[in-house]
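Engineer: Listed below, chain by chain, are the residues.
Number of protein chains: 8
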Amino acid sequence: MMRRVGRRRRAPSGRRELVIGEYAKYDLARAERTGVPEVILAEGKSVEHLVGILRALAREGRGALVSRPTPAQRRRLRQEVTRGLAIVELASGRLLRLNGPLVDPPPTGRVALLAAGTADVPVAEEARALLESSGVSTVVAYDIGVAGIHRLTRALARLERKRPRVYLVFAGREGALPTIVAGLVHGPVVGIPTSVGYGRGGRGEAALLAMLQSCAPVAVMNIDAAVPAALFALQLLGRDFPRQG
Amino acid sequence: MMRRVGRRRRAPSGRRELVIGEYAKYDLARAERTGVPEVILAEGKSVEHLVGILRALAREGRGALVSRPTPAQRRRLRQEVTRGLAIVELASGRLLRLNGPLVDPPPTGRVALLAAGTADVPVAEEARALLESSGVSTVVAYDIGVAGIHRLTRALARLERKRPRVYLVFAGREGALPTIVAGLVHGPVVGIPTSVGYGRGGRGEAALLAMLQSCAPVAVMNIDAAVPAALFALQLLGRDFPRQG
Amino acid sequence: MMRRVGRRRRAPSGRRELVIGEYAKYDLARAERTGVPEVILAEGKSVEHLVGILRALAREGRGALVSRPTPAQRRRLRQEVTRGLAIVELASGRLLRLNGPLVDPPPTGRVALLAAGTADVPVAEEARALLESSGVSTVVAYDIGVAGIHRLTRALARLERKRPRVYLVFAGREGALPTIVAGLVHGPVVGIPTSVGYGRGGRGEAALLAMLQSCAPVAVMNIDAAVPAALFALQLLGRDFPRQG
Amino acid sequence: MMRRVGRRRRAPSGRRELVIGEYAKYDLARAERTGVPEVILAEGKSVEHLVGILRALAREGRGALVSRPTPAQRRRLRQEVTRGLAIVELASGRLLRLNGPLVDPPPTGRVALLAAGTADVPVAEEARALLESSGVSTVVAYDIGVAGIHRLTRALARLERKRPRVYLVFAGREGALPTIVAGLVHGPVVGIPTSVGYGRGGRGEAALLAMLQSCAPVAVMNIDAAVPAALFALQLLGRDFPRQG
Amino acid sequence: MMRRVGRRRRAPSGRRELVIGEYAKYDLARAERTGVPEVILAEGKSVEHLVGILRALAREGRGALVSRPTPAQRRRLRQEVTRGLAIVELASGRLLRLNGPLVDPPPTGRVALLAAGTADVPVAEEARALLESSGVSTVVAYDIGVAGIHRLTRALARLERKRPRVYLVFAGREGALPTIVAGLVHGPVVGIPTSVGYGRGGRGEAALLAMLQSCAPVAVMNIDAAVPAALFALQLLGRDFPRQG
Amino acid sequence: MMRRVGRRRRAPSGRRELVIGEYAKYDLARAERTGVPEVILAEGKSVEHLVGILRALAREGRGALVSRPTPAQRRRLRQEVTRGLAIVELASGRLLRLNGPLVDPPPTGRVALLAAGTADVPVAEEARALLESSGVSTVVAYDIGVAGIHRLTRALARLERKRPRVYLVFAGREGALPTIVAGLVHGPVVGIPTSVGYGRGGRGEAALLAMLQSCAPVAVMNIDAAVPAALFALQLLGRDFPRQG
Amino acid sequence: MMRRVGRRRRAPSGRRELVIGEYAKYDLARAERTGVPEVILAEGKSVEHLVGILRALAREGRGALVSRPTPAQRRRLRQEVTRGLAIVELASGRLLRLNGPLVDPPPTGRVALLAAGTADVPVAEEARALLESSGVSTVVAYDIGVAGIHRLTRALARLERKRPRVYLVFAGREGALPTIVAGLVHGPVVGIPTSVGYGRGGRGEAALLAMLQSCAPVAVMNIDAAVPAALFALQLLGRDFPRQG
Amino acid sequence: MMRRVGRRRRAPSGRRELVIGEYAKYDLARAERTGVPEVILAEGKSVEHLVGILRALAREGRGALVSRPTPAQRRRLRQEVTRGLAIVELASGRLLRLNGPLVDPPPTGRVALLAAGTADVPVAEEARALLESSGVSTVVAYDIGVAGIHRLTRALARLERKRPRVYLVFAGREGALPTIVAGLVHGPVVGIPTSVGYGRGGRGEAALLAMLQSCAPVAVMNIDAAVPAALFALQLLGRDFPRQG
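Chains A, B, C, D, E, F, G and H, in that order, give the protein sequences.
Counting from 0, one number per residue, gives the positions in the first sequence under numbering that gives the first Met the number 0.
Counting from 0, one number per residue, gives the positions in the second sequence under numbering that gives the first Met the number 0.
Counting from 0, one number per residue, gives the positions in the third sequence under numbering that gives the first Met the number 0.
Counting from 0, one number per residue, gives the positions in the fourth sequence under numbering that gives the first Met the number 0.
Counting from 0, one number per residue, gives the positions in the fifth sequence under numbering that gives the first Met the number 0.
Counting from 0, one number per residue, gives the positions in the sixth sequence under numbering that gives the first Met the number 0.
Counting from 0, one number per residue, gives the positions in the seventh sequence under numbering that gives the first Met the number 0.
Counting from 0, one number per residue, gives the positions in the eighth sequence under numbering that gives the first Met the number 0.
For the record, the hints were derived by calculation from the structure and aren't laboratory data.
For each residue, glycine too, the CB sits at the ideal point set by N, CA and C.
A few of these clues could be false.
Label pairs and their in silico Cβ distance ranges [said to hold, decoys possible]:
1) F:Gly92 with H:Glu42: 19 to 29 Å
2) D:Ser91 with A:Ala28: 45 to 55 Å
3) C:Glu59 with E:Arg162: 30 to 40 Å
4) H:Arg73 with E:Ala28: 28 to 38 Å
5) E:Glu31 with F:Ala85: 49 to 59 Å
Which bits of chain F does chain D cover? Going by a derived footprint, with three or more residues having C-beta under 8 Å, they are [said to hold, decoys possible]:
6) 41 to 54
7) 123 to 137
Full structure from sequences and hints, please.
Structural biologist: Encoded structure:
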């Protein structure tokens, strides 16, 4: 009942909108307006609504990304794939990609991704998958910790040779890595706390606060917010490009 | 007793350090390494320590900025000015400037500063003073609120004509402005919550959380963190320039 | 043992009460006194107690609504339906309706329901089901977000043509929608945060605080409190009617 | 320098805006659009900015209200009064009134204000002053507590004879009064926690949570938010009136 | 291995202790010293440890109570019952009773138990089971709410005729009932918040704070702390008795 | 204007009430109904309101206690004393006593007060002053700490010889004393956290939580809540007496 | 794909590092540098990554410990054991031991472990397993509570005869035991809160705060942080030994 | 009245106690029993009580330390000095020293103190003053930050040459320094968060959580808890010494 065909509507303002049932309105102009691809936060949406949105977009020939799908949503979407919906799983299933164009033209410049420990890697990989899906090249350094600080120096030297325009630094527990990186490099550093750690301040709480309190200039995303971090990096990269066009 | 002359020392690594008494070590290479000027957080430091640091820097011919001075610190520094210390007050005294070079060469590109309400303006002006001290040109739009959303559209159109490379958006209370801006512009948006608002979620707490929860890609600084926001903007701008040199 | 027949008792004050076992006393005069239907919060009650209450009410010929049933409670109540208990599921099972009269006479006036995103729709639909069960007509606008503010203006214009007497605005994450609506419309705006969003401030926490901090006059309900919001709207509507009678 | 004359500007959209220096933009159409008077939150604004705004409004012949002035702001505004600015203090100085029209036409209907204890009275009086400034008649019952519940019944009977359209209920400490009132009356109840009480849950925190958890339908404002509560009541009252016109 | 026979040891101080493996030491003199029965908090203990303790006590011929058993612990203990351990489930399994003497002599006086809503009844029943196991007579009034305050007056009058020496009042959500009771009765009132309610302040948080903020003299126990509340009541009752002996 | 004479009114229910201006209603029957004296919480009340209440009570010949007066209130009340208001300061000014009868007849039984450290003594003395004002005899043991546990044993032995009916135990910082006392004595133990201690968990927060988590049956009052603790003790003592009359 | 053979690399600084896929870098010099064995926090790591790390270490002939494995990780590692990975479960599976050398030479001195209640024993046993795996002898006293303080004195006397160099004290709920121990013994006391207790302050929160607020000198670890506590003890013991070598 | 002469009393247990008025009992055996000097927490004590305690100790010929005196307490104690009380101010007045013996014999071994920034130095100096008063030699490295990590390596190398037995590491804001130190040195590291930093996580909150979450073994003291940290270090040092005697 809720899966009626999405209707495409040109708004009075000249902006186009895709109306999907009563429950969703897809802003067709956002990618163009802001330079970032459409990403649908799956978590919190009913499975029916999520499927309805993706089918409507596929019908329109639009690409999209789906973040934080629940296991139930992934099971259902795998069924939809067998019915022809062109979705692939990225980053061990933390990000889904609906076939179709995302951003045009692709942004220029390289993004560095750092992860303090092995447990932070899946979150970093989620951001990396989004960036590479959007045509951005990346360079990574994982498990470089802060309890053996000499390892960090070597890793940063390797990254800097690639001239990244922004550093996305993922860390859980005490969350010190973004601060240390920001004291050593020339580019902007974005800190992304991960939900790693137990006890008081665990699940990323201490890491978030530590990044907000950083004694070096670190901009902060929410806990596990790999996708917003990657989109922010895209907007940062994308600034030069269309201005040159 | 603690005000002995600062000794200049070349570290084994080739980096220079200025040792001031037992209580401070000034990293002379940081500005060069990271592209941002030295900013001394005055809050929390004893008046004696603060004066000692500034005198030692002045003796070295280094410029610096001083953020969040307390009234007692400002009173004392005004006395020091009469004794020859070259300090001026910026942004109604929220930022102090010690005469001398800050960053060389100055970064390129323009920064947009937006403030949701009149009460957010002093924090925005603190960031603006730092940016302009560092040779960056700015463009501002203040008191554009969210309770009358039509006013925002007009303001953004004016700002976009100036082609800013980054948007610093200051808001207290419910902190919605960065989200709305990030849905409308092409460049990266940094949200800075201000300590405006009373009751539960006041003093910037709700604004901080709202920015962390933004449904658009917003990177977040701590409450009233005008100086880290401006430094982050400098690092973002500065990336192209030395690469072209 | 606890399922003895409910006894009907006229209180000395003239108010009637239905005593159900030792564990429940049903205030038969509340609907008349306050103008809102009886709603039983299922969550937290044992399945036995819930069934006992509904059977006693059915025996009395009273209608009722049941909010936030758990999956176990819903399974059991479906069994009871096969035994003759007249219950239907509304709003995808978030609200249950026991057949029988609810409020008399029905309130006048229309209620507008807005939802910021698709994930907020189920909570809004719960309120809508309660309102329509009580004989109130509604008008809705869903997924109108704040990251594309132009979409909101169009939706509000459509709603205002229906002359709603109150706006119930549902939003999770940064919870900005009620503030923006309250700056644009002439009627009272009630904000209902939804448990949407992850990380710090997630599960509706940021949205709740943002609504409490709103720079426009917004009255706030608790997170996911669709039922109290709808009852509040009923009391607001109901004021004129019995006074005219 | 910042006190230049406010310029009046007709926006492209047909809405008028009063620009005051760089720091404030006054939305001249808001009162008409939303049915509530302009209220300036003084707290958090610099004294210079506050004076500048009030002078510009006075020059335009606009009335306004000023909420939560600090002692320093009140001292300065008293000086301005001697220079001709037409401001009067209401509710023992918690609210200031700049002479001039506020809302036109005035809303119809009566508002009931209840305060649990003597310490809650000043907050209630702030709301009452705003309502009466806007031409609304009020009826009050103060210090009716919950520790002697019989006193409440008598007070409510007296209030109901006045047929208020909304009940604003102020309570600190355990904040139970709005719940009890909402279980007894026919109209909508808005709870306003006050910053009364010490220890854990003090300063209104327990009261706020208790109102959010109310087992009766209570809409909640922030702690000490007398002004938003009064504005919400105005919007609630104002709905009928212009529709009849 | 860990289930060796408990050894009974007379401490140098003359107090007896039962040593159970390396993991538990049972204070055989506590009941006599403090006038309350031994209650073992099951939650948090491994199933092996819990069984070991109960077997050792049974071997000694001591009675005991077990509070907050988990489903896994209850399943295992049911198996032990088939092997001869004399345990019965009380209060729908929230409290377990190991056969054997508890307190001697039993305390005098009656305890009143009140529950605000049906969802609070299971917690109240847990306290009642402990009290009645210890030989104390009780009187109860359940589901007397605060949203219909007239129902409370009638219930209290009935209770007072039984001359209880202490009132245990259970309430979740806004937790107002203990305050109202304490303003109306002559005996001491103990408030026990229950983990009832959703959203902010839910799971008993608001109720706990409201009781701590009570404007009447209410002593407070932790959320769902039925057992400590009952033990406190026992100590209160027990004071007169041994003094007469 | 607000200081009109209090009017004495017999309520329809037969209970008497003293109406003082618009801001206060004094429940003349509460002491009789609940067995505890009237205590006015001064904190949060305006000086004018506080004076008005005390004058009206004095005119009626009623005694009262005033808790937590601010320095400004105390200064003003000292002036009133010179004008004939019969007030004395108790417990170093933490409690004020308006001359006149408080409770009749006085309760029987003795109360033990314990304080963990010297800094907790002023709070304990506030409770003691209330109890002794109400005709109750007390026995105290102060600065008996938990870091030298042998000192406690000796103190408890001395107290128990006085046969107190209830133990009020005051402790800040880690708040362990009530737990230890409750494991050693036969009577009910009430824990009162004090606002002693700095850093995380300071100002009584850790002590409050520790008492709520006590592994012995401890009933808890709010931080620094000496007066509610003393009133609770009075209700506990007072139970036998009127029943014997 | 991610399970390529770990490559051993001698860092420029002379320190050796084991690179495992892209996701892990093992610091081969840490044990030597800091005197503590390598412990891998399993929680938060993907099963694939955990297995990859352990296989690479086994291939190198290195021993290691694995803390806080999840049930899924333990199931998988048991499969690996059947494939030849030399892992044993310690402390009921809370700690895993990969065969191979850990620290060399083993530290000298004895560690005392105390647990307040039976529910704290599993956490203490985790620390004990780590210490004994590292060649340290331990002495324990469990279930010595604080509600019967005489039992503690006897236990401490027994422990002191063994001359431990450090006391690790585990306690949940009100967390008072470390404070009491620190007031009685001559050696350093480390408090480890355990996640025992329900309601407000439960899951170790109250215990953590109480230890931070201790009126005796107690150093604190996070909730359930048995492994960091044991490592801290190792560093404390280890100080003398290599200095003598 | 409260300043009667302290009476010296030999407890039944053989331990001596100095009774000072009703409000203080001084444990004369604690220093001997635990190896740390008596430190009186001044904060929270009335000035009268503090003076009384110090006079009684002086009369006994006992030395003591006084921590966290308020400005009012310091003013009064300076007057007492003119009356012959032998008190000196240490660490800029954060610690006071009453002349007389403290610990005997003095502990052996050296303590290293590190401070991340200049603002952390006063807290570190407070600990240093206590240690040096107790006869312990110290070695310090201040303002070595984490935003320029190369500076830390040089400082640690210098400290390690002095062979400290324990590292006390002070840090505010993001609190990363203890973690980094613990990954590089062989001895035990104690982290002391300082109340440095503004906004969310400020005043030491982020630093405390970050230290609790440290990925290296760091034991943690409360915010600004310089004195407990120093006492813990004393107990750690003192272990060897009496064993040699």
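Engineer: All hints are to be evaluated individually against the structure, with a verdict given for each.
Structural biologist: Hints, verified against the model:
Checked against the hint of 19 to 29 Å, the pair Gly92 of chain F and Glu42 of chain H passes, with Cβ atoms roughly 20 Å apart. Between Ser91 of chain D and Ala28 of chain A the beta carbon distance is about 53 Å. The supplied range of 45 to 55 Å therefore holds. At roughly 35 Å, the beta carbons of Glu59 of chain C and Arg162 of chain E sit within the given window of 30 to 40 Å. At about 49 Å, the beta-carbon gap between Arg73 of chain H and Ala28 of chain E misses the expected band of 28 to 38 Å.
For the pair Glu31 of chain E and Ala85 of chain F, the beta carbons lie near 50 Å from each other, so the given range of 49 to 59 Å is met. Taking a C-beta to C-beta cut-off of 8 Å, the stretch 41 to 54 of chain F contributes 6 residues in contact with chain D, enough for the three needed, and the coverage statement holds. For the stretch 123 to 137 of chain F, the stated coverage by chain D is violated: 0 residues have a C-beta nearer than 8 Å to a C-beta of that chain, whereas at least 3 were required.
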